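Here the protein sequences line up with chains C and E, keeping their order. Heads up, the first sequence is in this note's numbering, so the first residue is 1 and it goes up one at a time. Heads up, the second sequence is in this note's numbering, so the first residue is 1001 and it goes up one at a time.
Incorrect hints may appear among the rest.
Stated by the list, open to error - Across the chosen pairs, the derived CB separations fall in these ranges:
no. : chain 1 : residue 1 : chain 2 : residue 2 : range
1   : C       : 113       : E       : 1042      : 36 to 42 Å
2   : E       : 1058      : C       : 28        : 44 to 50 Å
3   : E       : 1042      : C       : 15        : 24 to 30 Å
4   : C       : 54        : E       : 1042      : 25 to 31 Å
5   : C       : 81        : E       : 1060      : 46 to 52 Å
6   : E       : 1059      : C       : 81        : 43 to 49 Å
7   : C       : 57        : E       : 1056      : 29 to 35 Å
8   : C       : 15        : E       : 1069      : 44 to 50 Å
9   : E       : 1059      : C       : 1         : 16 to 22 Å
10  : C       : 101       : E       : 1012      : 34 to 40 Å
To be verified - With a cut-off of at most 25 Å between alpha-carbon atoms, the simulated DSS-like pairs for lysine-lysine come out as follows:
no. : chain 1 : residue 1 : chain 2 : residue 2
11  : E       : 1067      : E       : 1042
12  : E       : 1002      : E       : 1067
13  : C       : 71        : C       : 57
14  : E       : 1056      : C       : 71
15  : E       : 1002      : C       : 11
16  : E       : 1056      : C       : 57
17  : E       : 1056      : E       : 1103
18  : E       : 1042      : E       : 1103
19  : E       : 1067      : E       : 1056
I should point out that these hints are in silico values taken from the structure, not numbers from a laboratory. All of these numbers come straight from a predicted model, not from anything done at the bench. No residue lacks a Cβ here, since even glycine has one placed at the ideal position from N, Cα and C.
Each chain, letter by letter, is given below.
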Amino acid sequence: DTGVSQDPRHKITKRGQNVTFRCDPISEHNRLYWYRQTLGQGPEFLTYFQNEAQLEKSRLLSDRFSAERPKGSFSTLEIQRTQHEDSAVYLCAISRCIYNEQFFGPGTRLTVL
Amino acid sequence: QKEVEQNSGPLSVPEGAIASLNCTYSDRVSQSFFWYRQYSGKSPELIMSIYSNGDKEDGRFTAQLNKASQYVSLLIRDSQPSDSATYLCAVKGDDGYALNFGKGTSLLVTP
Chain C
1 DTGVSQDPRH
11 KITKRGQNVT
21 FRCDPISEHN
31 RLYWYRQTLG
41 QGPEFLTYFQ
51 NEAQLEKSRL
61 LSDRFSAERP
71 KGSFSTLEIQ
81 RTQHEDSAVY
91 LCAISRCIYN
101 EQFFGPGTRL
111 TVL
Chain E
1001 QKEVEQNSGP
1011 LSVPEGAIAS
1021 LNCTYSDRVS
1031 QSFFWYRQYS
1041 GKSPELIMSI
1051 YSNGDKEDGR
1061 FTAQLNKASQ
1071 YVSLLIRDSQ
1081 PSDSATYLCA
1091 VKGDDGYALN
1101 FGKGTSLLVT
1111 P
């Protein structure tokens, strides 16, 4: 158990719909990351939060993607007007301040029809 | 562009043998190096981290880092069928928070 839960675990949506995923660190971790993984690839970094502040965003993160971390606890990732190429597993990871090791949650598998 | 390269495999080793997984990276200022194991349909699981040149051992796993050659490897001793998975190499530079991952090497340990 890495101390991260994600919801939902699976999401099927139609192209053009909006979707929102949630990441819940079970314990206090001030660093939270979102990654995306497609078949046969390693995870690709999307964005990073330190507490409630979004400190880094990948160029991969188009304007259809938005992430929040209100109060520095759980985080949400929203994708607007989903496209087929958004189909992937969206992974949330956490790390503690002094260590840089990142621990992944179970992921949310998104399928865009 | 910061690149992390791994041989995609599959790497097949017999049970009990040593599996050797390799990774090269392009960013010379990389500071932190990680190996993750990923079973099919599961999320990556951290198995080793290494920050300085040399070897780091943890049970059956040994990570080796050579910053001059920009090379990091993972050795798995006494390989078991349960070690069959994809092994992802991840590298973090000094200038950000993101991990850059390779595509992973598929390992198959045959009984």
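Hint check:
no. : hint                       : in the structure
1   : C:113 / E:1042: 36 to 42 Å : 24 Å, violated
2   : E:1058 / C:28: 44 to 50 Å  : 26 Å, violated
3   : E:1042 / C:15: 24 to 30 Å  : 27 Å, holds
4   : C:54 / E:1042: 25 to 31 Å  : 28 Å, holds
5   : C:81 / E:1060: 46 to 52 Å  : 47 Å, holds
6   : E:1059 / C:81: 43 to 49 Å  : 47 Å, holds
7   : C:57 / E:1056: 29 to 35 Å  : 32 Å, holds
8   : C:15 / E:1069: 44 to 50 Å  : 46 Å, holds
9   : E:1059 / C:1: 16 to 22 Å   : 19 Å, holds
10  : C:101 / E:1012: 34 to 40 Å : 29 Å, violated
11  : E:1067 / E:1042            : 31 Å, violated
12  : E:1002 / E:1067            : 15 Å, holds
13  : C:71 / C:57                : 19 Å, holds
14  : E:1056 / C:71              : 38 Å, violated
15  : E:1002 / C:11              : 31 Å, violated
16  : E:1056 / C:57              : 32 Å, violated
17  : E:1056 / E:1103            : 23 Å, holds
18  : E:1042 / E:1103            : 15 Å, holds
19  : E:1067 / E:1056            : 14 Å, holds
In terms of the numbered hints stated before, the structure departs from hints 1, 2, 10, 11, 14, 15, 16, listed from lowest to highest.
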